[in-house]
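Enquirer: What follows is the residue order along each chain.
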Amino acid sequence: MRKIAVTALVLIGLSSAGQAADGLILSFSQSFTDNLFQTAFPEKDAVSHLAFSYDKAFTPFSFFTEGQAAFLRNNPYAGSYIQDAGFDYLHPVNAKTAFYASARLGGTLYRSDFADFNHVHVAAMAALKSYRTSQSILNLNATFNYRNYRDSLFDHLSGIVHFSLDRYFDTRTTLKGEARWGYKYFLHPFINDTGGVSTSAGSGQGPGPGSGRMGWRSGFFSPRINGPGQGIQILSLSGLAAQGLGDFVGIRVMAFRQWTLSGENPFVSIEEFYMVENPSHDAFSWNGAGISGLATVEAPWQMQLKIGYTGSEKRFPGIEAMDMEGASLGPMRRDRRTQWDIRLEKSFSAVAVFINFSHIRNVSNDLLFDWKGRYLSAGIDWTLGRGGTK
Amino acid sequence: MKRTACLAAAWVLATGLAAAAQKAEPPSPKSPPPFYNVDTERRIDGVIRDILFESRYESAPPFLVLILEERGTGRVYNVEVSPAGFFTQDFHKGERTRITGSFYSRDSELFLIAREIRAGGEIFRVRDRKGFPNWRGGGGKGKRRGRGM
Numbered sequence: 001m002r003k004i005a006v007t008a009l010v011l012i013g014l015s016s017a018g019q020a021a022d023g024l025i026l027s028f029s030q031s032f033t034d035n036l037f038q039t040a041f042p043e044k045d046a047v048s049h050l051a052f053s054y055d056k057a058f059t060p061f062s063f064f065t066e067g068q069a070a071f072l073r074n075n076p077y078a079g080s081y082i083q084d085a086g087f088d089y090l091h092p093v094n095a096k097t098a099f100y101a102s103a104r105l106g107g108t109l110y111r112s113d114f115a116d117f118n119h120v121h122v123a124a125m126a127a128l129k130s131y132r133t134s135q136s137i138l139n140l141n142a143t144f145n146y147r148n149y150r151d152s153l154f155d156h157l158s159g160i161v162h163f164s165l166d167r168y169f170d171t172r173t174t175l176k177g178e179a180r181w182g183y184k185y186f187l188h189p190f191i192n193d194t195g196g197v198s199t200s201a202g203s204g205q206g207p208g209p210g211s212g213r214m215g216w217r218s219g220f221f222s223p224r225i226n227g228p229g230q231g232i233q234i235l236s237l238s239g240l241a242a243q244g245l246g247d248f249v250g251i252r253v254m255a256f257r258q259w260t261l262s263g264e265n266p267f268v269s270i271e272e273f274y275m276v277e278n279p280s281h282d283a284f285s286w287n288g289a290g291i292s293g294l295a296t297v298e299a300p301w302q303m304q305l306k307i308g309y310t311g312s313e314k315r316f317p318g319i320e321a322m323d324m325e326g327a328s329l330g331p332m333r334r335d336r337r338t339q340w341d342i343r344l345e346k347s348f349s350a351v352a353v354f355i356n357f358s359h360i361r362n363v364s365n366d367l368l369f370d371w372k373g374r375y376l377s378a379g380i381d382w383t384l385g386r387g388g389t390k
Numbered sequence: 391m392k393r394t395a396c397l398a399a400a401w402v403l404a405t406g407l408a409a410a411a412q413k414a415e416p417p418s419p420k421s422p423p424p425f426y427n428v429d430t431e432r433r434i435d436g437v438i439r440d441i442l443f444e445s446r447y448e449s450a451p452p453f454l455v456l457i458l459e460e461r462g463t464g465r466v467y468n469v470e471v472s473p474a475g476f477f478t479q480d481f482h483k484g485e486r487t488r489i490t491g492s493f494y495s496r497d498s499e500l501f502l503i504a505r506e507i508r509a510g511g512e513i514f515r516v517r518d519r520k521g522f523p524n525w526r527g528g529g530g531k532g533k534r535r536g537r538g539m
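Chains as they are written, first to last, in this note's numbering: chain W, 1 to 390; chain F, 391 to 539.
It is worth saying that the hints were derived from the structure and are not from the lab. Since this is a predicted model, take the numbers as computed values, not measurements. Quick reminder that beta carbons are idealized off the backbone N, C-alpha and C, glycines included. Careful, some of the hints might be misleading.
16 Å max Cα-Cα, derived EDC-like pairs, lysine to aspartate or glutamate [unchecked claim]:
{"#": "1", "chain 1": "W", "residue 1": "372", "chain 2": "W", "residue 2": "43"}
{"#": "2", "chain 1": "F", "residue 1": "483", "chain 2": "W", "residue 2": "166"}
{"#": "3", "chain 1": "W", "residue 1": "56", "chain 2": "W", "residue 2": "84"}
{"#": "4", "chain 1": "W", "residue 1": "346", "chain 2": "F", "residue 2": "506"}
With the C-beta cut set under 10 Å, the calculated list includes, among others, these residues of chain F facing chain W [what the hints assert, rightly or not]:
{"#": "5", "residue": "445"}
{"#": "6", "residue": "455"}
{"#": "7", "residue": "476"}
{"#": "8", "residue": "481"}
{"#": "9", "residue": "485"}
{"#": "10", "residue": "519"}
{"#": "11", "residue": "524"}
Beta-carbon label-pair distances, calculated as ranges [stated by the list, open to error]:
{"#": "12", "chain 1": "F", "residue 1": "484", "chain 2": "W", "residue 2": "162", "range": "23 to 31 Å"}
{"#": "13", "chain 1": "F", "residue 1": "461", "chain 2": "W", "residue 2": "259", "range": "43 to 51 Å"}
{"#": "14", "chain 1": "F", "residue 1": "484", "chain 2": "W", "residue 2": "77", "range": "48 to 56 Å"}
{"#": "15", "chain 1": "W", "residue 1": "136", "chain 2": "F", "residue 2": "500", "range": "26 to 34 Å"}
Start from the sequences, fold in the hints, and give me the full structure.
Expert: Shown next, in the form of structure tokens:
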């Protein structure tokens with residue numbers, strides 16, 4: 001509670017500074033979940049987020065920085081603070097094409113439960129967007145990331161190249177195709193000897209079901225002799241169709257498919273947590289397919305309602321399904337997930353509020369990850385201290 | 391701990407550079423550019439006829455500009471959206487759009503400084519009710535706040 005108060009005071013100070021600043025946005029959100037760690041052993045918790053973002057333009061560059069603190073009521077030692085800062089650059093190639101580049105440096109500090117996830121990161125991005133015609137947009141972007149963790153087993157480099165092309169039709173239909181290629185390289189995902197498995201479980205105090213800590217099983221990594229890094233290469237394709245219906249409704253449907261071109265996960269198990277970034281679980285860790293749909297309704301009184309559904313089937317190369325005790329069941333882990341989301345937003349002068357509810361059902365052949373969860377969030381964005389109305 | 395110290399030092403350096411650059415910015419010697427005047431705000435229903443990316447203000451990044459034809463009257467407006475809008479929002483020629491913004495005219499041309507754009511089933515709020523910009527940077531940045539749409 002004291003930390004929330006201190007952070008609130010810091011943000012109030014920032015808001016005062018923001019009165020003379022170019023762009024300062026303060027955000028607060030409060031979330032509730034009945035399955036924080038997204039396993040078959042649900043655990044309730046309430047998560048508070050306080051965040052700020054600030055930017056200042058120095059044509060053609062701009063400086064930006066973002067910070068976010070997270071507090072958990074029932075798992076206070078899973079709290080975190082994330083800080084990023086960087087510069088970006090926007091260059092008009094011509095009236096129909098622009099180039100964007102950014103570089104950022106940041107770090108994430110967790111409290112003791114997730115201290116092994118503490119890391120610094122460097123990221124760079126370059127993007128090109130062009131109107132081939134006034135009804136067709138071409139997007140091409142590339143991102144590069146380097147992350148250095150307290151537990152070096154997680155250290156990695158990654159790069160993603162993304163391409164998209166869309167076409168708008170006079171029937172108010174938009175079709176869009178996307179392709180993405182990515183490569184992630186774990187720099188040293190092996191322990192130094194063959195004497196056992198790295199637990200990567202914080203203080204290593206025997207986490208288990210109900211304890212609400214990372215590392216439900218005996219460890220994340222296979223016991224192997226120190227050796228070279230390990231890479232995973234993926235390719236994904238997706239297609240999207242969007243349709244405007246009348247003046248107030250829009251719908252979109254999307255289908256995606258992802259392949260693992262080479263490599264596999266170096267982990268024993270893959271876990272994901274609500275609102276906590278786990279380096280074992282990301283876009284590189286799976287292959288499979290899915291569909292999603294989203295309906296957007298522009299409601300009266302400056303409100304917007306979104307209702308979405310996502311269904312997916314994902315397999316995790318290198319990860320074997322296990323029983324509750326962590327014994328291998330043989331086949332590769334496979335998850336089938338359905339997710340429903342509903343979100344309502346309303347804007348006031350300088351303030352925007354939202355409420356979001358999600359329901360997830362994850363069916364897995366790994367018994368620990370056969371779970372369901374409900375997530376309720378509400379938040380406020382407060383825009384402060386713009387230097388002028390230009 | 392050493393990493394944390396390095397991160398803190400880099401942060402201080404970056405913030406210092408930003409502050410120095412802010413101080414170095416010369417004052418604009420010219421007359422003030424058009425500003426967002428809430429008293430001239432109007433809402434236009436129209437169809438996008440063209441999309442441009444061009445410089446509008448000295449010492450400011452280029453703006454995404456929509457050429458909007460008002461339904462019913464056929465009047466054509468130059469709609470200033472935002473600098474980052476070129477990367478963060480996808481608009482297309484022929485798209486039906488409702489734009490709320492501050493109106494002004496110059497050399498018999500009609501202009502609208504956009505505050506809110508409704509298109510493609512989405513609402514883009516590029517300024518707040520008082521006309522202060524909401525935009526931030528380019529395509530590489532986004533909010534981190536957890537699960538949602």
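Enquirer: Each hint: holds or not?
Expert: Taking the hints in turn, this is what the structure says about them:
1. With a C-alpha separation of about 11 Å, the suggested pair residue 372 of chain W and residue 43 of chain W falls inside the 16 Å cut-off, and the hint holds.
2. Simply put, residue 483 of chain F and residue 166 of chain W have alpha-carbon atoms about 12 Å apart, close enough for the 16 Å limit, and the pair holds.
3. This hinted pair checks out: residue 56 of chain W and residue 84 of chain W have alpha carbons roughly 14 Å apart, not beyond 16 Å.
4. Distance check on the hinted pair: residue 346 of chain W and residue 506 of chain F sit about 13 Å apart at the alpha-carbon level, within 16 Å; holds.
5. A distance limit of 10 Å between C-beta atoms decides the matter here; for residue 445 of chain F the minimum to chain W is near 8 Å, and the interface restraint holds.
6. With a cut of 10 Å, the hint placing residue 455 of chain F at the interface with chain W holds, because the nearest CB-to-CB distance is about 9 Å.
7. Checking residue 476 of chain F against chain W by beta carbon gives a least distance of about 5 Å; that is within 10 Å, so the hint holds.
8. Against a cut-off of 10 Å between C-beta atoms, the interface hint on residue 481 of chain F holds, since the closest Cβ of chain W lies about 9 Å away.
9. This hint holds: residue 485 of chain F has a C-beta 6 Å from the nearest C-beta of chain W, less than the 10 Å allowed.
10. At a threshold of 10 Å, the smallest CB-CB gap from residue 519 of chain F to chain W is about 4 Å, leaving the interface hint in force.
11. Hint status for residue 524 of chain F: holds, given a least beta-carbon distance of 6 Å to chain W, under 10 Å.
12. At about 26 Å, the beta-carbon gap between residue 484 of chain F and residue 162 of chain W stays in the expected band of 23 to 31 Å.
13. Evaluation of the 43 to 51 Å hint for residue 461 of chain F and residue 259 of chain W yields a pass: the beta carbon distance comes to about 46 Å.
14. In this structure the hint that residue 484 of chain F and residue 77 of chain W lie 48 to 56 Å apart at CB holds, the actual value being about 55 Å.
15. Under the hint 26 to 34 Å, the C-beta atoms of residue 136 of chain W and residue 500 of chain F, about 27 Å apart, fit the expected range.
Checked against the numbered hints above, the structure breaks none of them.
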